[in-house]
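**Q** Using full-length UniProt numbering, the first residue of the sequence shown is number 1, and each one after it goes up by one.
These aren't lab readings, by the way, just hints derived from the structure by calculation.
A couple of the hints might just be wrong.
Okay, the calculated beta carbon distance ranges per label pair [said to hold, decoys possible]:
| hint | residue 1 | residue 2 | range |
| --- | --- | --- | --- |
| 1 | Asp34 | Arg162 | 39 to 49 Å |
| 2 | Arg182 | Ala18 | 16 to 26 Å |
| 3 | Gly131 | Ala164 | 34 to 44 Å |
| 4 | Gly131 | Arg168 | 15 to 25 Å |
| 5 | Pro147 | Val172 | 30 to 40 Å |
| 6 | Gly81 | Thr159 | 19 to 29 Å |
| 7 | Gly131 | Asp175 | 13 to 23 Å |
| 8 | Arg100 | Gly171 | 29 to 39 Å |
| 9 | Arg29 | Ala96 | 18 to 28 Å |
| 10 | Asp62 | Glu94 | 39 to 49 Å |
| 11 | Pro19 | Val172 | 12 to 22 Å |
| 12 | Gly156 | Arg92 | 25 to 35 Å |
| 13 | Glu5 | Ala155 | 17 to 27 Å |
Computed from a predicted structure; not experimentally measured.
Built from N, CA and C at the ideal position, the CB exists for glycine as well.
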Amino acid sequence: MDNTEALTIRPANEADLAPFFAYLDDHLRDNGADGTPLFQPIAPGQPRLPAGLRIAFIKGIDIPVGQPGWRRLWLAIDTYGDIAGHVDLRGRPEPAATHRAMLGMGVHRVWRRRGLGRRLLETAAQWARAGTDVEWIDLEVLSDNLPAVELYARAGFTTVARVADMLRIAGVGHDLNYMTYRLRQG
């Protein structure tokens, strides 16, 4: 495992969104390519992040935590100013679930398997513990994305369900794991 100490992990702001979207578009090139497991539930080779997801990031970073549609994003930045990875938390859509957040994350291909994913998860969990009423972090991950499933399990996430054939991507059925992590007792 290479050292990721040279990376800075910081909250993203509005000015970071354009480079972040460019990073995600590049990141999606790896989705299901050359033996890489699918990490987004979209067909391999889709060239861009869906517009609805872009809008959710743009609007969500200004919404107060606890309000519908809130989202917070952290970026790992290398010494050249490039994005090495990201993690985001967002409010669940159910009004009665404001004590829970959904997690999304990704690591650029050159930084995978070096410990950055663990650091990103720790960053999001520390933020949620310190300044919010969030008690649980939930995530969904394609079951055959074993590197991600194993990373989340090592970080303390528990698989609470595995739904067979949950998604059909490019005509192929995929199982989906639902995982959760309890930050504190309610």
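**Q** Does the Cβ distance between Gly131 and Asp175 fall inside 13 to 23 Å?
**A** 35 Å, violated
**Q** Using the beta carbons of Arg182 and Ala18, state whether their distance is inside 16 to 26 Å or not.
**A** Because 35 Å falls outside the window, the suggested range is violated.
**Q** Does the Cβ distance between Pro147 and Val172 fall inside 30 to 40 Å?
**A** Taking Cβ atoms as reference, Pro147 and Val172 lie about 19 Å apart, which means the hint is violated.
**Q** Taking 39 to 49 Å as the hint, is the beta-carbon distance of Asp34 and Arg162 inside that range?
**A** Given range 39 to 49 Å: violated, Cβ gap about 26 Å.
**Q** Does 25 to 35 Å hold as the CB distance between Gly156 and Arg92, or does it fail?
**A** Given range 25 to 35 Å: violated, Cβ gap about 19 Å.
**Q** A range of 15 to 25 Å was offered for this pair. Does it hold for the Cβ distance of Gly131 and Arg168?
**A** 39 Å, violated
**Q** That 19 to 29 Å hint for Gly81 and Thr159 (C-beta), does it hold up?
**A** 37 Å, violated
**Q** Please check whether Pro19 and Val172 have a Cβ separation lying inside 12 to 22 Å.
**A** Given range 12 to 22 Å: violated, Cβ gap about 32 Å.
**Q** Holds or violated: 29 to 39 Å for the Cβ distance of Arg100 and Gly171?
**A** Holds: the Cβ-Cβ distance is about 33 Å, inside 29 to 39 Å.
**Q** Confirm or reject the claim that Glu5 and Ala155 have a C-beta distance inside 17 to 27 Å.
**A** 19 Å, holds
**Q** Is 39 to 49 Å right for how far apart the beta carbons of Asp62 and Glu94 are?
**A** 21 Å, violated
**Q** Taking the Cβ atom of Gly131 and the Cβ atom of Ala164, is their distance within the range 34 to 44 Å?
**A** Since Gly131 and Ala164 have Cβ atoms about 38 Å apart, the given range 34 to 44 Å holds.
Comparing the model with each earlier hint shows violations of hints 1, 2, 4, 5, 6, 7, 9, 10, 11 and 12; every other hint is respected.
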